[in-house]
Amino acid sequence: MSEKREQNRPPINIMGRPRGGPMGAMMNREKPKNAGQTLKRLAAYIAMDKNLFFALMSVMILITVFNLAIPSVQGWAIDKLTDAIGGVFDAEGFVRFLVLLATLHILNALTSYLQGIFSAKLSQRTVRNMRSDLFSKIVYLPIKYFDTHRHGDIMSRMTNDVQNISNTVSQSIGSLISGTLTVLGTLVIMLCYSPALTAVSMITIVLTLFVTRNLTKFMRKMFVKQQELLGSLNAHSEETITGSKTIAAYILEEEQKQKFDDISNSLKNCSIKAQILGGSMGPLMNFISNFGYLLIAATGGFMAWKSMITVGTIQAFLIYTKQFSRPINEIANQFAQIQTAMAGAERVFAVMDSEEERQVDEDKGMRAEGNISFKDVCFSYKSGEPVIRNFSLDVKAGQKIALVGATGSGKTTIVNLLTRFYDIDSGEILIDGKNILDIPKGELRENIAIVLQDTVLFHDKISANIAYGKLDASMEEISSAAKMSNADVFIERFPEKYDTMLSEGGQNLSEGQRQLLSIARAVLKNPQILILDEATSNVDTRTELNIQKAMIRLMENRTSIIIAHRLSTIRDADVIVVLDRGEIAEIGSHEELLNKKGRYFALYSTQFAGGVI
Amino acid sequence: MKLLGLLRKYWFFSLLAPLFMIGEVSMDLMQPKLMSQIVDDGVLGNNMAVIISTGLKMLGFTALGVLSGVLSGVFTNLASQNFGNDLRKKVYDRVIHLSFEQTDKFTTGSLITRLTNDVTAVQDFVSQALRGFVRSGFMFAGGIIMLLSLDAGFGKITACVLPLQILVIFTFLKKVAPIFSKVQEKLDKVNSVMLENVTGARVIKAYVREEYEKDRFSIANDELMNTNLRVMKLMASISPLMMLLMNIAVVLIIYIGGFEVAAANMQVGEIMAAINYVTMIIHSLMMVSMMFQSITRARASMSRINEVLDTTPVISDGEGNSERESEYIIEFNNVSFTYPNYSGRPVIDNFNLKIRKGEWVAILGATGSGKTSLINLIPRFYDVCEGSVLVEGVDVREYKLNKLRNKICTVMQKSELYTGTVEENIRMGKQGASHDEVVKAAKIAQADDFINSFEDGYNTVISEKGSSLSGGQKQRVSIARALLKKPEVLIFDDSTSALDLATESRLHKALSEELSETTVIMIAQRVASVKNADRIVVIDAGEVKACGTHDELLKNSDIYIDIYNSQMQSMGEGASL
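Residue numbers (the numbering used here), protein chains in the order written: chain P, 1 to 613; chain V, 1001 to 1577.
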């Protein structure tokens, strides 16, 4: 019971990395391995829509120009006022500058809006294309890939990594470009106004960078520790929640709580230190910026006093200094995010670069009769560890074959080989005398239906789930397939019948109902060859009987290979194959094998005698 | 919001934090005014001494502001982190005492998220409330006061611009919130198609539906892009609009102020100060709108935490004062049991069995026959649906849980080992047990030999839930742990299945020599494991089919004879189909 539940449980936290305070992203900083190559491919994605890209670039240049011009115009307007003191007030000129200023602000707002739209489009299209390429790849990846990679890991590339890239494209790229432009432009203008004041404001900027660098270096250590403690807090919670039976059996609740409290307390103490450090960054920066303000005001004041510059210039300089240091800080802050995104892009590209099994040949619409023969088939998942050894078996069209054997004896592997989920190492498998390696995979699989123990259902209507067996099936075909498989009884009981939406993985159905649906799907596909993996899960007796009846009906007039668990299925098979470590240990009908008093007899009597099943 | 009551303990910090924040903001508010003095009296008044003295004053205020800001940070963190810590511990305390059916219902993943992410979200909210809200609020109010003190005429500008700004913010929030939830929905859809394809790859390939899936994904993907674009387009308009409003206000201030200056009613520096104040006011307003989002987030987290805190364990202590004499240590009386939220036939159906003190009872039956469910009822991992389970003549529901569970110890089917050394794992059975006691338990459990074969012996660190040990080794460590506890009733839930027959019989021998007083209930699949039991109970579909000693059953139980014959003939090779 508990085992089963564990399997059904959704993978924990595939959607997000643990959050660790504001500096979390910084702590998880990963370095891309081949930054140049990845950047190039990423750039290719971004520049896919050339017109949009150039539109965005030109809008950004415009914005930068506006941002550079605005402080100057404002300064000129203020200069008109200082001139007025003890002089003549040029009201007309003053208003003209203000109108110019307002126009610039309006233009700036318009172009900023356009920039927002363009960069949203660019980032969304980039991510759409990337997702779609990634998915097309994944759909055609061989089963081996799914068997050898953790599902959560594949999922996180689609979710976390692509999301990171998306965020970076929409935020960082823009600020990177406009930031660089602004910094350069501001520097030029500041130098034009007054090289001396520029030198003074550089002092603040150097000071800011110096403090940030040293403080973050120190903070990093604290945040790493905080992250580690958070990790052990998580681990402890998971261990005790999943192992709650043992905790209860040994009455260890208080012990475990003590342990949790200890970790939680040290996390608190560490966090307080880290956060206070992080929190002082703001006021400290504020201090430096005010210090710079003062330096400029004092130097500027002195220079204005000596009539070397105007008050408007001071005002403009104060704005320019802020404008100069802001992009530098922004880029520095985003550096961590860019690195994370690059590492993510690398992982996404790694999937895109793996070998796929997309078929090249055209389907010829072969309709197999259902004769299957295995000739000296050998296979191993890992070289040196053979799973199937010299397996030879002839199956005539319409025969029922039961595969019987212990876990790990190779039953499922035979299925994997026949459907070409994996290709054999040596020997050959023939269908109607034709080597399956010469049949296009799509065509081969169209002729085989498999009903797996772990049912796969989609978040879609019941009818669509059945029609998966034949996409263009009419409603009549779907309902008759449901009838054939005894699924109609429970479907009709839903208020929306065939239009009932299944939740993710069909979790709103019982185990037995899910199996009936997957049988209906196979019925609709109507192939000549059928592969059945009998489930051993606990379903109530009536449903079990229904499933069994449906399976028997499904097997009629078809070549069937059954990974069998139920005595009745095995007894009714034409041929029983007893597998042992990838080899055929015994083969024959039920009676023949029982009389032999060999391995089958032993298995039979341990498991079935006494009517326990 | 009732969670915030936990903050009461840290009222002192919670009071100081905003106070110091007000200090910091006050210093910030002084700056533009001082700046205007520098400009007006210093620069324009050609007075270098004023520039220097006011400048130093400014720097002094800034230093005070920094100090105040840092102190506010210190107190905010002391309050919010302590609060978060208390909350986390409180939630954990509840989680660890939940009954299994409740843990199952919440799922482990969700409980962990609540313990970590949600607690952090609430804690962040507290720290924001103590600093951010205060900062923005005070800056907003202070900015307006300072601005008006410069010239009442500026009030008109703020009176025009601020309502517009607020209107923009609220229409935006109202428009964007529903689309945000739609974005989440579309994202879920993309992820769910993806997950289906990753987990269902075999079926998709078997039905040759790669192209179909691509189309399905493409639809979901495009929908996500379009919904995202809708949000981003709204976002693209909001920030330029806000900036425009602010800048227009600045232009207006220069305009109005300009004519005042020309009329010699105002000074240039004051205009510059006014510009700074308007910027402060509007920025603080924008900050407030951002905080609305954090309130929503915190509220969602709070309700998720409350869900856990409001769950009372369904299995709780009984009165604990009944005592009765009984010749049986355990009795099942007409017990029926079905798992909560599980329809279908009951797992245990009208079950009766009495076990004497010191008896060794074996339970034999196929998978799914209800053996594990049966023994889960004794330490009250689950409660019976009908009938009763008695321990020493008293219904288990009348016991204090700790007292009941102290009498009984179950060695689980799946060994649960924890991060730590082998010795620590065994010592879980009895806190404070000496090394010798641990070794003695390990010896009886036949674990001593292999533990000593490790380089670090008993100090070998078990990692990743014991993945470095073999199945049989894990089982023996678990058995040693149970033996150390010295319970009155020891239950083995098929927990010797990974041992070879020779080791198992050595274990049985050691058990019967060392624990003759202990009642042992042993669930097993192999006849050989249970042959020497005082009594063997064969169960199927939650009912007793046969009961007796090995010899008795061999004489009169057909089922047992069948099982026996089959296993003996296959030389005890427990192959499963």
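Keep in mind that the hints were calculated from the coordinates and are not lab data. Ideal placement from N, C-alpha and C gives every residue a C-beta, glycine not left out. Errors might be hidden in some of the hints.
[Claimed, not checked] Only part of the chain V face toward chain P is listed, based on derived beta-carbon distances under 10 angstroms: (1) E1196; (2) M1225; (3) S1239; (4) A1262; (5) N1265; (6) S1289; (7) V1394; (8) I1408; (9) L1417; (10) T1421.
Here is how each hint holds up against the structure:
1. E1196: holds (6 angstroms)
2. M1225: holds (4 angstroms)
3. S1239: holds (7 angstroms)
4. A1262: Nearest chain P Cβ about 4 angstroms off; hint holds.
5. N1265: violated (12 angstroms)
6. S1289: violated (17 angstroms)
7. V1394: violated (18 angstroms)
8. I1408: holds (8 angstroms)
9. L1417: Given a least distance of 9 angstroms, the restraint on V/L1417 holds.
10. T1421: violated (15 angstroms)
When each numbered hint is compared with the structure, violations occur for hints 5, 6, 7 and 10.
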